[in-house]
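Participant: Sequence:
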Amino acid sequence: MRQILWGVVVLALAGCGKSGTAVKPGDEGTIVYARGADSKKLDPQAIEDGESVNVVTQIFDTLVAFEAKSTKVEPALATSWTAADAGKKWTFKLRGGVKFHDGTACDAAAVAANFDRYLNASSPLRSGLTETPYDFLYKNIAKVEALGADQVVFTLTESNATFLTNLAMFPASISSPAAMAKWKESYGEHPVGTGPFKFVSWDPKQKIVLEANAEYWGGAPKSKKLIFAVIAENSVRVQRLRAGEVHIIDGVAPGDLDSLRGDPACRLMIEPGMNFSYLAINTEKPPFDRAEVRQAIAMAIDKPELLKLAYRGVGQTGPNALPPTIWGYNSDVADYPYDPAKAKAAITAAGLAGKEIDLYVMPNPRAYVPDPASVGAVVKQRLEAAGLKPRIMSPVWEGGVYLAELKAGKHDIALVGWITDNGDPDNFLFTLFHSSAIPDQNYARYRSKEFDGLVEQAQREPELAKRTDLYRKAQEVMRRDTPVVPLAYLPNIAATRANVEGYTLHPMGLVRLKDASLKK
Numbered sequence: 060m061r062q063i064l065w066g067v068v069v070l071a072l073a074g075c076g077k078s079g080t081a082v083k084p085g086d087e088g089t090i091v092y093a094r095g096a097d098s099k100k101l102d103p104q105a106i107e108d109g110e111s112v113n114v115v116t117q118i119f120d121t122l123v124a125f126e127a128k129s130t131k132v133e134p135a136l137a138t139s140w141t142a143a144d145a146g147k148k149w150t151f152k153l154r155g156g157v158k159f160h161d162g163t164a165c166d167a168a169a170v171a172a173n174f175d176r177y178l179n180a181s182s183p184l185r186s187g188l189t190e191t192p193y194d195f196l197y198k199n200i201a202k203v204e205a206l207g208a209d210q211v212v213f214t215l216t217e218s219n220a221t222f223l224t225n226l227a228m229f230p231a232s233i234s235s236p237a238a239m240a241k242w243k244e245s246y247g248e249h250p251v252g253t254g255p256f257k258f259v260s261w262d263p264k265q266k267i268v269l270e271a272n273a274e275y276w277g278g279a280p281k282s283k284k285l286i287f288a289v290i291a292e293n294s295v296r297v298q299r300l301r302a303g304e305v306h307i308i309d310g311v312a313p314g315d316l317d318s319l320r321g322d323p324a325c326r327l328m329i330e331p332g333m334n335f336s337y338l339a340i341n342t343e344k345p346p347f348d349r350a351e352v353r354q355a356i357a358m359a360i361d362k363p364e365l366l367k368l369a370y371r372g373v374g375q376t377g378p379n380a381l382p383p384t385i386w387g388y389n390s391d392v393a394d395y396p397y398d399p400a401k402a403k404a405a406i407t408a409a410g411l412a413g414k415e416i417d418l419y420v421m422p423n424p425r426a427y428v429p430d431p432a433s434v435g436a437v438v439k440q441r442l443e444a445a446g447l448k449p450r451i452m453s454p455v456w457e458g459g460v461y462l463a464e465l466k467a468g469k470h471d472i473a474l475v476g477w478i479t480d481n482g483d484p485d486n487f488l489f490t491l492f493h494s495s496a497i498p499d500q501n502y503a504r505y506r507s508k509e510f511d512g513l514v515e516q517a518q519r520e521p522e523l524a525k526r527t528d529l530y531r532k533a534q535e536v537m538r539r540d541t542p543v544v545p546l547a548y549l550p551n552i553a554a555t556r557a558n559v560e561g562y563t564l565h566p567m568g569l570v571r572l573k574d575a576s577l578k579k
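The sequence shown begins at 60 in my numbering and counts up by one.
By construction, these hints were calculated from the structure, which means they are not laboratory data. There may be inaccurate statements among the hints.
[Claimed, not checked] Simulated DEER-style distance windows between Cβ atoms:
(1) Asp348 to Lys401: 16 to 26 Å
(2) Pro363 to Lys202: 47 to 57 Å
(3) Thr216 to Gly88: 18 to 28 Å
(4) Glu330 to Thr216: 36 to 46 Å
(5) Pro345 to Lys158: 54 to 64 Å
(6) Thr141 to Ala444: 56 to 66 Å
[Said to hold, decoys possible] Below, computed lysine-lysine pairings styled on DSSO-like, alpha-carbon distance capped at 27 Å:
(7) Lys401 to Lys448
(8) Lys284 to Lys579
(9) Lys128 to Lys281
(10) Lys283 to Lys578
(11) Lys525 to Lys198
(12) Lys202 to Lys152
(13) Lys469 to Lys439
(14) Lys344 to Lys466
(15) Lys525 to Lys508
(16) Lys202 to Lys241
(17) Lys469 to Lys525
(18) Lys202 to Lys147
(19) Lys344 to Lys508
(20) Lys264 to Lys344
(21) Lys401 to Lys367
(22) Lys158 to Lys284
(23) Lys284 to Lys128
(24) Lys439 to Lys401
(25) Lys508 to Lys466
(26) Lys158 to Lys283
(27) Lys131 to Lys147
(28) Lys158 to Lys264
(29) Lys284 to Lys264
(30) Lys243 to Lys198
(31) Lys403 to Lys367
(32) Lys198 to Lys508
(33) Lys281 to Lys241
(34) Lys241 to Lys158
(35) Lys264 to Lys243
(36) Lys403 to Lys469
(37) Lys401 to Lys414
(38) Lys198 to Lys148
(39) Lys414 to Lys469
(40) Lys344 to Lys367
C-beta atoms are modelled at their ideal positions from N, C-alpha and C, and glycine is treated no differently.
Please model the complete structure; the sequences and the hints are all you need to start from.
Facilitator: The following block contains the structure:
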């Protein structure tokens, strides 16, 4: 691969991927990561979208972190921890000498203040924090106390099998209390953590610039600067990569795989993933509040055709709202067969023939839907064949508009997806479909006392075999109720220039750029 001379190359990266303000990446110590959409905010407690998470992960640390190649946790800001009182009290020993990017100390008081802000509406640091999409995962925390400067004690209302892995998730990232107090409502545009990179600037819909934290407790990053650039079109991102104008791209569309495989200047990365795409059916909207109608939708979708046409044969299909790479997957659950005649008969019998419905399709590629327009087109055709009249709605992704409309319940059916945050079945079944996740993550607005009871019990159950059985039963209930139609489980796919070293794909899809560098 030819070496890139950044003093000569000027990279024009636009929010639409066609034109816009030029970005000068700088010297050879700069890594340019191109993605399909911009971040929403950079306040870890206020976000739920992957584009925000990918940047936040570089800026912040959590008490514990996921290992490089697994879903197991390892020390991060905490060097050790112990559990007592049947798993209801956890004590964490903090790493000494760690400072936030603003120079203030990351001590026990700072950690306690972060969780107080997250869970206490009267926290003095709460200003501007109007949305906390993941707080329902942490509501079992009764209190967080600082014991001296280097110990933090969490007291839970009841034991929770996912407590430790949830602490490794991005919402539990530790921010500088001084920075939150200073920036108030605009803290999401001025993030300050302890992570390997510091925030520098944000040009909306264009780029976010980070610089290396040379004093990072885990060792200085291998690159001096990161640029997260927005290039909406999949094909344009691939073109820029092949031209040597960016170093890493995500959201690689299946149709671009062959061209990347044939380019010696690029490296294609494909690893097993922990994600899935699905149709969320708004169960609160008649007639979709009736299970038989939702089941007709499931029978109307030709999943093998969809996989072939919209996913180019990459990935696999299945019946569950849990990928087969996650433990607890129930392989005994049968998928609804593709039966267009039966689907049309059910739609007609329900008096829905010719009914107009709003089919929401995101406009930007996601790891679980690299080509959403194609997926939307195939789904629309199948629903039309069943007698419905879908109108494709594609609100912009930037600024959280698309997800905001789903939270407001404006959709009849919506194309969405999920990448695991912690590798636990709870992060799919509870996080996405428990009734307490309405409206933040439960876009199907699914309510089932039976399902809720199973996933709640699984959270409290310490024995893995019993938890597995509970999740298997929960998947059986979902198959019967059909609040969603799972479409595809995809591998993790990314591509880099051949001279990028130290960048690997995490099974959970985590983007970690601390060790990425350019070979000289």
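Participant: Does each hint hold? Answer for all of them.
Facilitator: Tested hints:
| no. | hint | verdict |
| --- | --- | --- |
| 1 | Asp348 to Lys401: 16 to 26 Å | 20 Å, holds |
| 2 | Pro363 to Lys202: 47 to 57 Å | 52 Å, holds |
| 3 | Thr216 to Gly88: 18 to 28 Å | 48 Å, violated |
| 4 | Glu330 to Thr216: 36 to 46 Å | 38 Å, holds |
| 5 | Pro345 to Lys158: 54 to 64 Å | 56 Å, holds |
| 6 | Thr141 to Ala444: 56 to 66 Å | 59 Å, holds |
| 7 | Lys401 to Lys448 | 17 Å, holds |
| 8 | Lys284 to Lys579 | 16 Å, holds |
| 9 | Lys128 to Lys281 | 19 Å, holds |
| 10 | Lys283 to Lys578 | 14 Å, holds |
| 11 | Lys525 to Lys198 | 23 Å, holds |
| 12 | Lys202 to Lys152 | 17 Å, holds |
| 13 | Lys469 to Lys439 | 18 Å, holds |
| 14 | Lys344 to Lys466 | 13 Å, holds |
| 15 | Lys525 to Lys508 | 19 Å, holds |
| 16 | Lys202 to Lys241 | 25 Å, holds |
| 17 | Lys469 to Lys525 | 38 Å, violated |
| 18 | Lys202 to Lys147 | 11 Å, holds |
| 19 | Lys344 to Lys508 | 19 Å, holds |
| 20 | Lys264 to Lys344 | 34 Å, violated |
| 21 | Lys401 to Lys367 | 23 Å, holds |
| 22 | Lys158 to Lys284 | 20 Å, holds |
| 23 | Lys284 to Lys128 | 24 Å, holds |
| 24 | Lys439 to Lys401 | 17 Å, holds |
| 25 | Lys508 to Lys466 | 21 Å, holds |
| 26 | Lys158 to Lys283 | 19 Å, holds |
| 27 | Lys131 to Lys147 | 21 Å, holds |
| 28 | Lys158 to Lys264 | 31 Å, violated |
| 29 | Lys284 to Lys264 | 19 Å, holds |
| 30 | Lys243 to Lys198 | 23 Å, holds |
| 31 | Lys403 to Lys367 | 23 Å, holds |
| 32 | Lys198 to Lys508 | 19 Å, holds |
| 33 | Lys281 to Lys241 | 31 Å, violated |
| 34 | Lys241 to Lys158 | 17 Å, holds |
| 35 | Lys264 to Lys243 | 23 Å, holds |
| 36 | Lys403 to Lys469 | 24 Å, holds |
| 37 | Lys401 to Lys414 | 17 Å, holds |
| 38 | Lys198 to Lys148 | 15 Å, holds |
| 39 | Lys414 to Lys469 | 16 Å, holds |
| 40 | Lys344 to Lys367 | 31 Å, violated |
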